[in-house]
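Protein chains: 4
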Amino acid sequence: MKYDVKDVRLAGMGRQRIEWAARQMPVLAQIRKRFAKDMPLKRQRVSACLHVTTETANLAIALKDGGADVVVCASNPLSTQDDVAASLVKHHGIATFAIKGVDHRGYYRHLTQALAHAPSMTMDDGADLVTMVLKERRDLLPGIIGGTEETTTGVIRLKSMEAEGVLEYPIVAVNDADTKHLFDNRYGTGQSTLDGILRATNILLAGSRFVVCGYGWVGRGVAQRARGAGARVIITEIDPTRALEAVMEGFEVMPMSQAARVGQVFVTVTGNKGVIRREHFAAMADGAIVCNSGHFNVELDIPALRKLAKAKRPARPFVDEYLLRNGRRVYLLGEGRLINLASAEGHPASVMDMSFANQALSAEFMAKKFKKLEKKVYRVPLEIDREIARLKLLSMGIAVDHLTSDQKRYLASWQEGT
Amino acid sequence: MKYDVKDVRLAGMGRQRIEWAARQMPVLAQIRKRFAKDMPLKRQRVSACLHVTTETANLAIALKDGGADVVVCASNPLSTQDDVAASLVKHHGIATFAIKGVDHRGYYRHLTQALAHAPSMTMDDGADLVTMVLKERRDLLPGIIGGTEETTTGVIRLKSMEAEGVLEYPIVAVNDADTKHLFDNRYGTGQSTLDGILRATNILLAGSRFVVCGYGWVGRGVAQRARGAGARVIITEIDPTRALEAVMEGFEVMPMSQAARVGQVFVTVTGNKGVIRREHFAAMADGAIVCNSGHFNVELDIPALRKLAKAKRPARPFVDEYLLRNGRRVYLLGEGRLINLASAEGHPASVMDMSFANQALSAEFMAKKFKKLEKKVYRVPLEIDREIARLKLLSMGIAVDHLTSDQKRYLASWQEGT
Amino acid sequence: MKYDVKDVRLAGMGRQRIEWAARQMPVLAQIRKRFAKDMPLKRQRVSACLHVTTETANLAIALKDGGADVVVCASNPLSTQDDVAASLVKHHGIATFAIKGVDHRGYYRHLTQALAHAPSMTMDDGADLVTMVLKERRDLLPGIIGGTEETTTGVIRLKSMEAEGVLEYPIVAVNDADTKHLFDNRYGTGQSTLDGILRATNILLAGSRFVVCGYGWVGRGVAQRARGAGARVIITEIDPTRALEAVMEGFEVMPMSQAARVGQVFVTVTGNKGVIRREHFAAMADGAIVCNSGHFNVELDIPALRKLAKAKRPARPFVDEYLLRNGRRVYLLGEGRLINLASAEGHPASVMDMSFANQALSAEFMAKKFKKLEKKVYRVPLEIDREIARLKLLSMGIAVDHLTSDQKRYLASWQEGT
Amino acid sequence: MKYDVKDVRLAGMGRQRIEWAARQMPVLAQIRKRFAKDMPLKRQRVSACLHVTTETANLAIALKDGGADVVVCASNPLSTQDDVAASLVKHHGIATFAIKGVDHRGYYRHLTQALAHAPSMTMDDGADLVTMVLKERRDLLPGIIGGTEETTTGVIRLKSMEAEGVLEYPIVAVNDADTKHLFDNRYGTGQSTLDGILRATNILLAGSRFVVCGYGWVGRGVAQRARGAGARVIITEIDPTRALEAVMEGFEVMPMSQAARVGQVFVTVTGNKGVIRREHFAAMADGAIVCNSGHFNVELDIPALRKLAKAKRPARPFVDEYLLRNGRRVYLLGEGRLINLASAEGHPASVMDMSFANQALSAEFMAKKFKKLEKKVYRVPLEIDREIARLKLLSMGIAVDHLTSDQKRYLASWQEGT
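Residue numbers (our numbering), protein chains in the order written: chain S, 1 to 418; chain P, 1 to 418; chain Z, 1 to 418; chain W, 1 to 418.
Check each hint, because a few of them may be wrong.
[Stated by the list, open to error] Straight-line Cα separation of at most 25 Å, SDA-like style, residue types lysine to any residue; simulated pairs: (1) K312/S to R9/W; (2) K135/S to K159/S; (3) K90/Z to E164/P; (4) K408/W to G274/Z; (5) K33/W to R329/S; (6) K310/W to E19/S; (7) K408/Z to E162/W; (8) K2/S to R34/S; (9) K307/W to K90/Z.
[To be verified] Quick look at which bits of chain W chain S covers, simulated, 3 or more residues with Cβ under 8 Å: (10) 12 to 20; (11) 74 to 86; (12) 258 to 264; (13) 310 to 316; (14) 348 to 360; (15) 380 to 393.
If you are wondering where the hints come from, they were derived from the structure by calculation, not from laboratory data. Beta carbons are placed, not taken as given, at the ideal position from N, Cα and C, and that holds for glycine.
Only chain S is shown next, with the shape it has when bound in the complex (with noise of 0.2 Å):
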């Protein structure tokens, strides 16, 4: 078996979180038994590109467990637990192409490696997978049925293929499942980004002036976590009715190029490039520290930061100091990568329990039902979605109520009056 992990002898640590992120994802445990009893995904080669954490390694065994021959890669340069890659060779059988730290061409070689593989889907986070097959492996199209996609950014870039007629086979956009975005975006992301920034820096969160940049699912989780911190949150959006509904949570809303001035914290949660630019850079109070959680560093302009800066050194582990020419001190989280990557473990399990539920579940959805499908982005079936959710209650010990049959009628009916 051919892989590129960091260390193998890292294997037994990797384990024990494989297995406490597994306690904590029960609707990917029900899935996965099933899966080894039906293995739906016998035959099936997966190449998958996600973020390489405890979670991940979870999906990859269930997908394993369904019948599947299944590689993984990395989705981003410094999201990789080194550790956890190891126990997927080892423990696992699961070839596995990730590095913590790789430079850009590591990463692409590593896509590369996961491609070799002649997957008949792709698993991707971010549509790098797709991407480099429509750019480069087309020879692989007639064996590839089809593919899912984890992350707003990816979902983005996969329509507008659509839209210009070139995406050659059916993608399950995971994202837009509720309980995928509604979740993972919010509370996963949420969590994740402040526990990065505090782990980067030990910053205390009370008190500060803390911007948000974007006011879609990630940033509101980041913003409502900042606020239950005790920041004073700022919230900067282009979309007027996102804006306001941000001023009716009592948020602060400006334009990036005021709120450069006043802010302390800065992260990125877009979907764009380009968010914090220059002009931004040039603005901030001495002491700013700048991060990004959204899936590609492009929303930070780094370039434009360097060309400002007269010197740079590392600050803590995951800090670097630019030293601006106008004599300021700007500090840059995990290189602008997704900072709860990059400086914490990312997601909980407990929310990916849901993602990679929508996950498992649209791949044996693409293997039953890929003949029908054609060369779109579908949405995760509202039957898939809603058992995730009913299971998940479930595992919680949480009951709900159900309507009656008179209330079915109610709803169904125009007739009742005031």
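Could you slot chains P, Z and W onto chain S? The hints should help.
Below, chains P, Z and W without anything else, positioned relative to chain S:
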């Protein structure tokens, strides 16, 4: 001019309060100004069945300024502000049929009178006018070009009609505009429901066990405000995804049968019927306070409560004490009618500004486009929705960011990688 | 019996509302029951100058049941509930001198009438009775054994008297009991101040810029509730430690001169005078809403506002519009009187339960111990304070832990190490 | 110079991190600057037993700059940051005795070594040095002029000593300064406790049932932050007034026996011992996570947990799995040591800035005034406390209001009325 209001001499106070509301409705004010110039509703006869409040008065005036011949009747027996009804008649020459506390027969007589106007458009809050047209006044159908609907409850009913093929003219579902339901339902009803409860009872919310039945947009608003007032909030739901969201927000979620035993204050906001039923009333602790802020009072099974009781007496204005056979007392607020309108003043003007801007612009849209529309329920056009958000932010003096051309390009492309 | 109330015929509604409050005052109810048996206030003549509300009525009744000969007058010209005053006279035979909206002369005439009762104890809310005794009725001093004081403001004044050596009899500072100020000032005033603002204005709090002047117990309560209602809260303070606490809670802190320009709603709760002055009114934006929830309306410099204005007219009940010479409008609520009593019903009964339990037990304490007390301001004895907390929790059905003997030993020792 | 640290070669990273902390300690920086000029601690020998963190390093440096001859030892076996200890030795020439994870014997050996310095002042965090002096090194007493104490726990112990008449020199209770306990205990421990739990477990807090044992300043901080992270927070208390405050804040309050069955995560912060005992561990659900953030790990009865278990194994770093005889698993974090120091970095520097400004100024106060002090526990002088708040606000660029002469007069008088 025919009309039916409590006392025209109340008009002075009504005018004062209508003007107060106007000051907080800058978006509607701008539309009104343009309407007065363009007269887009010329030759339209509008019958509007809405809560007769200061905000509705401002909408009616804007429609009239836009050229429409408007009559107004009440969409709920307890929500009319008699001084406002008087001012509409006296100062604005708008025929109004609405008296607070009117009985069931009087309520329907007012609807009949509003339809006697032979409208070309209906404007509904709960689908009562369209229902009456379909059931009793089909003769009016040839003259009707379309209508609008304000509420979740009404939209559910209208979609049932559409599904059954009985809807006879196009409807714009104002409720479904983002600038309506994200704000009015959540922040408007959230605040005004608590306001209604406090005016009726003057209880301390801090430390109380407060049950919110339903976690839709209205439920979220009520839950958020109740927590903001220090209450310990309990949610009941039927949808597992929503229930899970409530859990993740830190609320307790449990079935109604259990909540009935734990709660001290109960509010229903589901759009369904029989949410609090016989078995629930019977299980409540002594002193339980029960109210509804959903559209219809059928959310509470009041007949069942009456049967359980051996005595009933008023405890305060808008508070009825039911002494149950089990010796415990249950307090019903506002006869189960929308508590925010029964004992308070309904939504604040600032939030109705957006809802009614949607109404006014949807009426204009209908007048212009009705020939191209089918007998279906339509969403408010997205341009209208966005424009309202933009104007509202502007009126608050809040600026947002704009996409750079570089960013627009990035969002549309799929080629830029990690 | 002499008395001065608005209309004795309002007594029916008053009685209903007094009973409603009684249901939420279980601690006072227990004390009243014991008082009726033990008669600890036998032969005491009590003149009570308090806000004449349903809760005060329940206190007065408890004192009477304890054997006292009680008269009541109002501690604020705008806080009287006329139906309650009527019921005190008619159903309880308690001489009451209180009419809502009485003028300055009438207000002081009522105080004079209350002192004509020749009290052995004064019960104050703002130190008005004791001040009048010291200034005008020193002849009563020989008959007075002591008094109680309810408010922060009153305690400040009484401690000034003590410091100047002019206090002539012992006072129990009810305000300083934990079960009073931690609850009544914070949760009671917090909720009821917002309630008062909403009843007066019906504005949307979500998204508003809400300035709280003063971050003492009352200020904290108001700030917490305003934030809970979705407002963006700004604090002004004079004490740096308190200001720092506000910052750490995520509030914006700024001087009044700056807050005046930013805010939309202003509430003073400082216990001081001239907190919002000429220069502040002049700097406010058009439409600013100003009110006070501190004891005296001198917190606002209303004469200065009048001078700045070229016109004044009512905009709604309890809302006066001042049109300033600079063309902007400022809205003053409730003539600057405590807004929670002017336009709402004051503190909820549940929280006054503890405050008035302190009053009743402090009166008993005074009756028993006055011979041992000096002409000083005393704290409520700690046993009383604790006991009230215990009874309140009990009435809520909430249990707490108790120290084991092992734990008691541990807390008292210093020998057990790391 | 004698010292005992893990590895002097770690000094480089330690220095970097000490400097990072220094940037967030502007008040201490100002004091240090003055100390270097005035040398107020000249001829003082200080033995400081504190958590050896980056913040403590900054305090030690300031004391040294003030003229003191300082040695440092650790106040907890698990809280030492080895790189910081190394840097103190290597770069600052401060003798340090502290190794993370040292055993019980090693811990006390370090204390002994710190006292071998023959201090004129002790600086304690938990009263360990003063206890050892009283028990084992009474020979040092003649040379000791006084000491300081940092924690609630230590102050309780020292007051016991004072009450028993065994305290032999004056102590300044730094903990009781407003600028210490209102901030450090609440915001510092609040944030860092959650930080410690997340680093140890990476669990999702949103939706979890989170039990906080103790509702003092630390408990309030932890509860507030846990709620801010989306948890459903449950409080246990022994004091009824505090319990009632927790209820009014919307928390659930229940006895430990009940909370043990409901909770998923448990944190003790009481300053007492045996808060979670045998019967509580036995009642916990499978997967319960238990930790302590109070000073001593005796808050948890770990010996009882060991007896209940049939197996124990590590689950992750800082997480031990106890498999109980009842088949359930309980996870103990950081061996029950202060979790914010065991698995995270302790309080953020910004909050320790104020705590340690109090320490430095209290040492100066002691050096100047010791002759006038008795063998008692003293509060930090109010001028010091206020001045620190003022400087901190100033460093944040936040201004507050100042009393006008008119207002000062008003507050001092009692003659101005309603």
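Structure-based check of all given hints:
1. Between the alpha carbons of K312/S and R9/W the distance comes to roughly 24 Å, so the proposed pair stays at or under 25 Å and holds.
2. At roughly 16 Å between alpha-carbon atoms, K135/S and K159/S fall within 25 Å of each other, so this suggested pair holds.
3. Between K90/Z and E164/P, the direct Cα distance comes to roughly 63 Å. Violation of the 25 Å bound is thereby established for this hinted pair.
4. Taken as a hint, the K408/W and G274/Z pair is honoured in the structure, with Cα atoms around 11 Å apart against an allowance of 25 Å.
5. Restraint check for K33/W and R329/S: satisfied, since their Cα atoms lie roughly 22 Å apart, inside the 25 Å limit.
6. Between the alpha carbons of K310/W and E19/S the distance comes to roughly 20 Å, so the proposed pair stays at or under 25 Å and holds.
7. Taking the CA atoms of K408/Z and E162/W, the gap is near 17 Å; set against the 25 Å cutoff, the hint holds.
8. For the proposed pair K2/S and R34/S, the alpha carbon gap of about 29 Å is over 25 Å, so the pair is violated.
9. Proposed proximity of K307/W and K90/Z is contradicted: the alpha carbons are some 70 Å apart, above 25 Å.
10. Proximity of the segment 12 to 20 of chain W to chain S, defined as three or more residues with a beta carbon under 8 Å from a beta carbon of that chain, is established by the 4 residues found.
11. Figure legend: the segment 74 to 86 of chain W, annotated as covered by chain S; annotation inconsistent (0 residues with Cβ-Cβ distances under 8 Å, at least 3 required).
12. Coverage of the segment 258 to 264 of chain W by chain S is violated. Counting CB-CB distances below 8 Å, 0 residues qualify, and the rule asks for three or more.
13. For the segment 310 to 316 of chain W, the stated coverage by chain S is satisfied: 3 residues place a CB nearer than 8 Å to a CB of that chain, which reaches the threshold of 3.
14. With 4 residues bearing a CB less than 8 Å from a CB of chain S, the segment 348 to 360 of chain W meets the requirement of three and the coverage assertion stands.
15. As drawn, the segment 380 to 393 of chain W meets chain S at 0 residues by the rule of a beta-carbon pair under 8 Å; below three, the given contact is violated.
Hints 3, 8, 9, 11, 12, 15 from the earlier list are contradicted by this structure; the remaining hints agree with it.
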